[in-house]
Amino acid sequence: MLQLPLVVTARVDLVLLLLSLLAFWTRLTRLSYPNAVVFDEVYYGQFVSLYMKRIFFIDDSGPALGHMILALGAYLGGFDGNFMWNRIGAEYPCSVSVWSLRLFPAVCGALCVPVGYCVIVELGFSHVSALGASLLLLFDNALIVQSRFMLLESVVILFIMLALFTYLRFHNAPTSSPVRYCWLLLSGTSCSAAIGVKYMGVFSYLLLVGVASLHTWKLIGDMTVSGLCVFVQCVCRGVCLFVVPVLLYVFWFYVHLSLLHRSGPHDQLMSPAFQASLEGGLSRITLGQPLEVAYGSQVTLRSSASQPIPCWLHSHKANYPIRYESGRGSSHQQQVTCYPFKDVNNWWIVKNPDRADLAVGSPPRAVRHGDIIQLFHGMTSRFLNSHDVAAPMSPHAQEVSGYIDFNVSMPAQNLWRVDVVNREAESEVWKTILSEVRLVHVNTSAVLKLSGTSLPDWGFRQMEVVAEKMFRGHSSSQTWTVEEHRYGTSEEQKDREAELHSPTHIDVNRKISFWAKFLEVQWRMLTVKQEDSEHKYSSTPLEWITMETNIAYWLHPSTNAQIHLIGNPVSWGVANLSLLAYHLLASVYLLRRRRGIKDVPDAAWEQFVSLGQVCVGGWLVNFVPFVFMDKSLFLYHYLPALVFLHLLSAALLEHAHTHLLSKDTHRRVLRACACAVLACVLLSYHLFCPLTFGSPELSANQLQALKWRNSWDILYHRR
Amino acid sequence: MENKQCTAHSYITGDTTIRNRKLQTFKTPRAAPPNDKKDSHLSKDDCLQPDETHGESYHRRRRSSNDEPPSRSGLLLLVAGLSFSTRLYKIKEPPHVCWDETHFGKMGSYYINRTFFFDVHPPLGKLLIGLAGYMSGYDGTFPFTKPGDNYEHHNYWGMRGLCAGLGSFLPIFAYLIVLELSHSHTAALIAATLLIFDTGCITISQYILLDPILMFFIMAAVLSMVKFNQQQHRPFSAPWWFWMVLTGVNLSGALGVKFVGLFVILLVGLNTVSDLWRLLGDLDLMLVDFVKHLLARVVALILLPVFLYVTIFAIHFVVLNKSGPGDGFFSSAFQSRLIGNNLHNASMPEYLAYGSTITLKNLRIAGGYLHSHWHLYPEGVGAKQQQVTAYLHKDYNNLWLVHRQNDTNSQRGAPDLVRHGDIIRLEHKETTRNLHSHLHEAPLTKKHFQVTGYGMNGTGDNNDLWRVEVCGGRTGDPVKVLRSKVRFLHKATGCVLFSSGKTLPKWGWEQVEVTCSPYLKETLSSQWNIEDHINPKLPNISLSVLKPHFLEILIESHIVMIRGNSGLKPKDNEVTSKPWHWPINYQVVWWLNLACLGLYLILVAVTSVAFQRGVSVSQRRREHCFVLMRGGGLFFLGWLLHYIPFYTMGRVLYFHHYFPAMLFNSMLTGITLDFLLKMADLLLPLPFCEQLQRVWMVFILLVILYSFYLFHPLTYGMTGPLAHEPGSSMARVKWMESWDF
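Protein sequence lines correspond, in order, to chains E and U.
Take 0 as the starting number for the first sequence in numbering that gives the first Met the number 0 and just add one per residue.
Take 0 as the starting number for the second sequence in numbering that gives the first Met the number 0 and just add one per residue.
None of these hints come from the bench; they were simulated from the model.
One should not assume that every hint holds.
Under 10 angstroms between C-beta atoms, here's a sample of chain U residues computed to sit facing chain E [what the hints assert, rightly or not]:
1) Gly280
2) His439
3) Glu440
25 angstroms max Cα-Cα, derived SDA-like pairs, lysine to any residue [said to hold, decoys possible]:
4) U:Lys445 x E:His636
5) U:Lys321 x U:Asp283
6) E:Lys706 x U:Glu521
7) E:Lys217 x U:Arg277
8) U:Lys490 x U:Gln385
9) U:Lys490 x U:Gly381
10) U:Lys321 x U:His153
11) U:Lys446 x E:Ile308
12) U:Lys505 x E:Leu454
13) E:Lys535 x U:Glu521
14) U:Lys105 x U:Asn341
15) E:Lys630 x U:Asn564
16) U:Lys505 x E:Gln461
17) U:Lys428 x U:Gln385
18) U:Lys446 x U:Leu375
19) E:Lys316 x E:Leu454
20) U:Lys89 x U:Ser135
21) U:Lys505 x E:Thr526
22) E:Lys341 x E:Pro264
23) U:Lys445 x E:Asn85
24) E:Lys535 x U:Glu440
25) U:Lys446 x E:Phe459
26) U:Lys520 x E:Phe633
27) U:Lys393 x U:Gly323
28) E:Lys217 x U:Ala604
29) U:Lys445 x E:Gln461
30) U:Lys505 x E:Phe459
31) U:Lys383 x E:Ile308
32) U:Lys490 x U:Asp415
33) U:Lys501 x E:Ser257
34) E:Lys630 x U:Ile561
35) E:Lys535 x U:Gly381
36) U:Lys383 x E:Ala89
37) E:Lys52 x E:Ser257
38) U:Lys520 x E:His534
Note that beta-carbon positions come from the ideal geometry of N, C-alpha and C, so glycine has one too.
Make a model of the complete structure from these sequences and hints.
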């Protein structure tokens with residue numbers, strides 16, 4: 000029976016609603032202005048384009064989720080991926096819906112404000128301080144700027160705050176309620192999303208796990224709870240905070256890899272097996288090659304090292320110079336190098352040293368781990384050779400040359416032992432693409448290696464190949480993979496040359512599992528090192544606190560209208576002060592409590608401690624790691640840490656108000672001061688608005704007046 | 000003596016739990032010799048007396064009694080004997096320079112010859128090496144040029160002997176520390192055995208290296224700290240003071256050898272803080288007394304070590320008073336102290352003039368000389384013109400000629416003086432290029448402009464002109480050699496000549512970057528002084544450069560050392576390793592250590608959860624757990640502190656950096672295995688468990704000895720073919736492919 004009247008009672012926090020509206024208004028108005036590429040949009044944009052075209056890429060700046068969120072915005076806006084992201088300040092054509100590109104980061108940035116409000120409330124502080132905290136977040140120029148463009152910081156910040164909020168919600172919920180584990184699940188999800196957007200999310204995740212384990216530890220010590228119950232709770236927490244995030248993290252990659260199935264610019268970084276799984280590129284060349292390398296096989300050998308550049312073992316009709324610049328002598332035999340382009344001179348023939356013929360017998364005799372082979376260069380008929388002559392650029396290693404017996408004083412040393420490195424994972428047989436092989440020189444037991452330096456002009460600036468005594472275990476520069484492969488049929492040199500020039504083509508599809516792909520992508524992301532030169536706007540962590548740095552995001556091509564990443568100086572100052580105040584207060588409290596003097600009641604102390612755990616802890620984990628990082632850093636890396644300080648400021652003020660001041664007059668003064676500071680925040684927000692939103696245009700003098708710190712780089716057009 | 004016998008046998012009367020008494024009944028007839036038994040009965044009453052008054056110490060004694068009858072000094076002697084004999088055996092072999100001996104032996108020679116040198120480590124270790132060499136009759140003449148050089152008739156055994164002697168103390172200290180913390184001879188013996196028979200540990204002690212000296216001080220500091228902790232019930236007594244002061248002395252020793260000593264200082268610091276925290280929470284203690292405690296620790300653990308550390312440097316500077324290879328790293332003022340340096344009692348024209356040949360030294364501490372050479376900036380790094388760098392060594396490429404704006408031939412008549420505000424041109428003497436700057440990004444500091452050498456034989460362009468400014472001077476002031484701080488402002492762009500202190504990559508020969516900075520703030524990096532000044536047309540005047548303060552020298556040499564340390568970036572083809580290779584890279588002992596580390600973490604997790612859940616256990620077991628958590632915790636912390644920081648270091652790392660951490664790990668192994676032995680009775684009934692313990696103990700010892708037997712040829716020098724050749728005796732020892740013999 001339906002009971003009438005049907006009533007829905009809803010309670011709406013009007014303050015929260017109003018704040019959210021304001022946040023959306025500041026973050027979303029005139030989102031498509033400027034209609035040009037702003038700062039790092041030039042970087043993220045290229046990945047968005049690649050998503051639209053389903054082309055595989057690898058980016059070491061963070062996992063795939065962030066890029067996918069940006070790409071989703073582009074997809075919804077109908078972006079087709081046809082835009083050259085080559086220069087900051089380039090105008091977008093009208094076919095690009097700029098608004099949709101920037102929508103998701105802006106929405107995330109706006110949502111940070113209400114979530115910050117909720118975090119403070121969950122920490123047990125009043126709605127007034129929650130309001131204060133969210134006003135600080137709302138009127139921080141740096142947060143606004145960072146949210147309004149196609150950048151990822153606002154997304155990370157949102158997920159970090161969401162994770163903390165949901166965890167606190169879980170912690171505060173009554174033990175009996177079954178809904179609370181939904182909150183914990185949400186928390187785990189947010190954590191994995193934060194890590195999925197940027198690796199710096201890991202720091203906040205660790206903080207959250209730390210806080211959670213502290214709470215769990217207390218639970219374990221609680222004798223009123225039965226052992227079974229404790230066990231179940233621990234398992235639930237483990238599942239929500241460890242298992243779910245890990246699975247989700249893998250899931251982001253699953254989506255990423257299933258979206259991107261075409262070959263593209265980063266193919267070369269990946270192993271041949273991976274490349275072969277992508278559409279186009281290597282798979283088109285290698286489709287249906289014979290799998291097992293046999294005597295008489297014609298192969299190209301690719302170095303497993305992707306540093307400094309992927310390349311193939313190569314030789315050409317040019318000899319090493321008789322004497323190098325340094326005066327050292329060489330063997331004056333044919334050069335063997337590593338060449339980063341496909342070339343007919345990359346073809347080598349695997350020859351059985353006991354037999355003279357160069358064609359594959361029938362049935363083909365496969366080469367196995369430990370077999371001795373000779374490598375015969377297809378075009379110049381030289382054997383791959385090494386001997387006790389110092390290599391041209393790395394004199395500690397042996398020279399590798401192409402040898403032909405002209406009956407000169409040097410004997411042939413052209414036998415190589417095949418050492419299949421991954422024979423346990425694959426097989427003893429040398430396989431195309433799958434096997435990683437070390438070629439060990441039989442006479443000297445040196446290993447064929449890419450030295451990493453390039454030859455001077457006489458070597459056409461190709462990469463140097465040497466043979467080096469094996470030491471320090473496995474190194475990717477010592478291993479080689481067969482990439483292109485076919486069974487040679489021609490005995491005559493002429494036929495063979497024609498055969499080498501013809502493309503390989505047979506049809507079979509080769510697949511590798513998702514896990515293998517995932518692990519390889521993950522490994523590459525963590526190990527790919529991009530060139531680490533200082534950027535014009537890079538800065539050091541200490542400069543973030545003292546606000547000595549800014550980043551010019553965009554400058555109008557003709558006028559002085561410009562956008563800068565500059566924080567609100569007043570609120571940043573307040574943030575620093577509150578950090579200092581918390582530390583002072585905490586140490587005084589701690590010392591006095593140790594002596595048995597309780598300044599604040601226990602409940603307030605608990606609240607103070609958890610405030611420290613979340614806000615000061617949040618600042619620490621998001622700031623301190625950067626101090627030790629050895630790469631170029633930017634001001635926007637500080638924003639996640641800063642958000643925590645904004646939360647701290649308001650909460651600390653309330654703590655001082657309720658617990659430190661006893662007289663009403665003092666409290667009134669404090670309230671007045673707080674209002675005055677807030678007014679200053681608003682004022683300075685307003686002052687810096689032109690640099691935040693890029694309009695209205697300011698005159699040179701006005702700009703000069705805004706240059707509060709000498710080290711700020713504010714741009715002018717020379718008239 | 001009486002007291003000692005008490006400790007050995009007090010359990011007969013003291014034990015209350017039934018299990019212990021049972022244990023006793025099994026034990027006494029077999030283990031204790033008859034005459035001991037008699038003693039124990041005799042001394043029974045004497046023992047009870049003190050025990051009742053000192054509950055704590057009574058417990059401690061009782062615990063120690065659970066082990067084998069401790070002929071304590073006998074065991075200690077055994078450990079010491081074995082330790083010295085393994086380290087000193089074949090100390091003179093091989094009779095040629097091994098590995099880093101080429102550095103540290105050379106530095107020992109420098110001390111004997113009193114020539115100044117520069118090294119990234121503080122001086123104590125090398126001072127001791129030099130002293131040992133001096134005492135043993137080494138005359139400092141051997142050049143130590145490269146590893147493999149034969150020593151011939153030189154007396155090198157004294158220096159090696161010092162290192163080996165100090166290295167031999169490590170197992171002894173380990174034994175004492177573990178004994179002090181766990182009161183178990185088993186644990187102490189395991190730890191000491193691990194160290195005695197660890198071939199890596201032996202090897203590193205046998206050569207002229209800083210590591211044995213460093214580890215000696217680290218272990219001594221930990222030992223005295225542990226001893227000090229045991230004195231906490233008798234504050235301000237003589238032993239209390241003694242151990243605390245000794246801790247401070249050892250700390251300064253550790254830091255005086257290498258900066259790795261900072262980690263043990265951190266360990267002691269954390270220990271002290273927790274100790275103070277405990278005292279603060281003790282509400283019976285008056286605040287005044289607490290302040291006394293605090294001050295005592297400040298004096299003994301901060302002021303005293305600082306004083307000693309400074310003293311070491313004072314000795315260092317007094318000993319090294321002759322000019323040597325390290326001069327260029329230091330400022331002009333510093334160099335004037337050194338006999339034989341051209342700035343010592345220098346004599347040169349007083350004011351800078353046109354036509355002079357000069358060297359320019361950057362005023363930033365450890366800033367180099369303005370330098371250029373016949374090499375261009377590579378493709379892609381600004382304009383492809385000649386490199387200009389800052390170079391720390393004295394070199395003819397540091398010489399520059401001062402010219403007027405326009406004329407190249409400024410050698411006529413009496414030279415004019417260069418004055419504040421003049422526009423000059425600096426020509427590199429060797430390559431005749433002009434110092435030049437333009438609006439290209441500098442190679443590393445992208446916010447600055449590139450500085451190059453440009454032009455030929457003095458002809459260049461307007462970008463070669465620089466305005467001279469004397470800091471604090473007015474237009475028209477002359478420029479004083481050595482004493483004036485000079486800035487060079489680029490006339491065309493207005494930027495200032497600047498040394499960023501960043502090391503250029505290989506193409507720049509790892510010299511220091513020189514840029515032109517558009518930020519005109521006065522910093523030391525943009526100020527230069529004129530160090531050498533050659534102008535035959537001007538009279539030379541003797542200059543007494545301001546001799547620097549000792550404190551200035553001290554600070555300067557530290558900054559130079561820190562710079563040097565961070566400048567040790569890995570080069571290509573160098574034997575370097577990554578921290579995560581270290582714990583697994585060696586042999587049985589190390590694997591055992593690593594396994595025990597994991598085991599320890601599991602054990603601690605289990606016991607602490609059990610305590611948190613309030614599981615009730617017997618008093619004896621509770622004490623074992625405390626030993627595991629407190630003592631083991633200290634070692635684990637020590638291991639962490641000596642291992643984790645290496646992950647954040649950008650400098651070149653070598654395998655031997657792991658050794659201090661390995662010491663802590665070995666002691667942790669001792670405690671963990673001992674705990675396991677004691678816990679064996681959870682699984683087995685008593686008699687079996689006793690035997691199991693024994694078998695287990697013997698097994699561990701045998702494993703360690705066997706591994707020592709296997710690897711000892713490595714330690715005492717190899718004979719026969721190399722390992723990678725099949726059939727060699729070493730081939731079977733080469734268990735991991737990555738080992739490099």
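Right, here's what the structure says about each hint:
A distance limit of 10 angstroms between C-beta atoms decides the matter here; for U:Gly280 the minimum to chain E is near 5 angstroms, and the interface restraint holds. Interface hint status for U:His439: violated, as the beta-carbon distance to the closest one in chain E is roughly 13 angstroms, over 10 angstroms. The interface hint given for U:Glu440 is met, as the beta carbon of that residue sits about 8 angstroms from the closest beta carbon of chain E, less than 10 angstroms. As the CA atoms of U:Lys445 and E:His636 are separated by approximately 20 angstroms, the hinted pair is consistent with the 25 angstroms bound.
About 59 angstroms separates the Cα atoms of U:Lys321 and U:Asp283, which puts this hinted pair outside 25 angstroms; it is violated. A C-alpha spacing of about 20 angstroms is found between E:Lys706 and U:Glu521, which places the hinted pair at or below 25 angstroms, so the restraint holds. With a C-alpha separation of about 22 angstroms, the suggested pair E:Lys217 and U:Arg277 falls inside the 25 angstroms cut-off, and the hint holds. The suggested pairing of U:Lys490 with U:Gln385 holds, with an alpha-carbon distance near 20 angstroms, which does not exceed 25 angstroms.
With a C-alpha separation of about 20 angstroms, the suggested pairing of U:Lys490 with U:Gly381 holds against the 25 angstroms cut-off. For the hint pairing U:Lys321 with U:His153, the CA-to-CA distance comes to about 23 angstroms; that is within 25 angstroms, so the pair holds. About 29 angstroms separates the Cα atoms of U:Lys446 and E:Ile308, which puts this hinted pair outside 25 angstroms; it is violated. With a C-alpha separation of about 15 angstroms, the suggested pair U:Lys505 and E:Leu454 falls inside the 25 angstroms cut-off, and the hint holds.
For the proposed pair E:Lys535 and U:Glu521, the alpha carbon gap of about 21 angstroms is at most 25 angstroms, so the pair holds. Straight-line distance between C-alpha atoms of U:Lys105 and U:Asn341 comes to about 24 angstroms, which keeps the hinted pair within the 25 angstroms bound. For the given pair, E:Lys630 sits about 19 angstroms from U:Asn564 by alpha-carbon distance, which is consistent with the 25 angstroms threshold. Of the supplied pair hints, the one linking U:Lys505 and E:Gln461 holds, its CA atoms being roughly 19 angstroms apart against a limit of 25 angstroms.
About 14 angstroms separates the Cα atoms of U:Lys428 and U:Gln385, which keeps this hinted pair within 25 angstroms; it holds. Using a Cα cut-off of 25 angstroms, the hinted pair U:Lys446 and U:Leu375 holds, with the two alpha carbons roughly 21 angstroms apart. With a C-alpha separation of about 15 angstroms, the suggested pair E:Lys316 and E:Leu454 falls inside the 25 angstroms cut-off, and the hint holds. The hinted pair formed by U:Lys89 and U:Ser135 meets the criterion: a straight-line CA distance of about 18 angstroms does not exceed 25 angstroms.
Simply put, U:Lys505 and E:Thr526 have alpha-carbon atoms about 22 angstroms apart, close enough for the 25 angstroms limit, and the pair holds. A hinted pair counts as satisfied when its Cα atoms are at most 25 angstroms apart, and E:Lys341 with E:Pro264 qualifies at roughly 15 angstroms. As the CA atoms of U:Lys445 and E:Asn85 are separated by approximately 20 angstroms, the hinted pair is consistent with the 25 angstroms bound. With a C-alpha separation of about 9 angstroms, the suggested pair E:Lys535 and U:Glu440 falls inside the 25 angstroms cut-off, and the hint holds.
Distance hint between U:Lys446 and E:Phe459 is unfulfilled; the C-alpha atoms sit about 35 angstroms from each other, more than 25 angstroms. Distance hint between U:Lys520 and E:Phe633 is fulfilled; the C-alpha atoms sit about 23 angstroms from each other, no more than 25 angstroms. Simply put, U:Lys393 and U:Gly323 have alpha-carbon atoms about 11 angstroms apart, close enough for the 25 angstroms limit, and the pair holds. Pair hint E:Lys217 plus U:Ala604 holds up; C-alpha atoms about 15 angstroms apart against a cutoff of 25 angstroms.
Annotation: proposed proximity of U:Lys445 to E:Gln461 is violated, straight-line Cα distance about 30 angstroms (limit 25 angstroms). Under the criterion of a C-alpha separation no larger than 25 angstroms, the hint pairing U:Lys505 with E:Phe459 is consistent with the structure, at around 21 angstroms. Annotation: proposed proximity of U:Lys383 to E:Ile308 holds, straight-line Cα distance about 24 angstroms (limit 25 angstroms). The suggested pairing of U:Lys490 with U:Asp415 holds, with an alpha-carbon distance near 21 angstroms, which does not exceed 25 angstroms.
About 44 angstroms separates the Cα atoms of U:Lys501 and E:Ser257, which puts this hinted pair outside 25 angstroms; it is violated. A hinted pair counts as satisfied when its Cα atoms are at most 25 angstroms apart, and E:Lys630 with U:Ile561 qualifies at roughly 20 angstroms. Restraint check for E:Lys535 and U:Gly381: satisfied, since their Cα atoms lie roughly 14 angstroms apart, inside the 25 angstroms limit. Note on U:Lys383 and E:Ala89: the hinted pairing is violated, with a Cα-Cα distance of about 29 angstroms set against a maximum of 25 angstroms.
Only pairs whose Cα atoms come within 25 angstroms are accepted, and E:Lys52 paired with E:Ser257 is accepted, the gap being roughly 13 angstroms. Distance restraint check for U:Lys520 and E:His534: the Cα-Cα separation of roughly 21 angstroms lies within the 25 angstroms cut-off, and the hinted pair is therefore satisfied.
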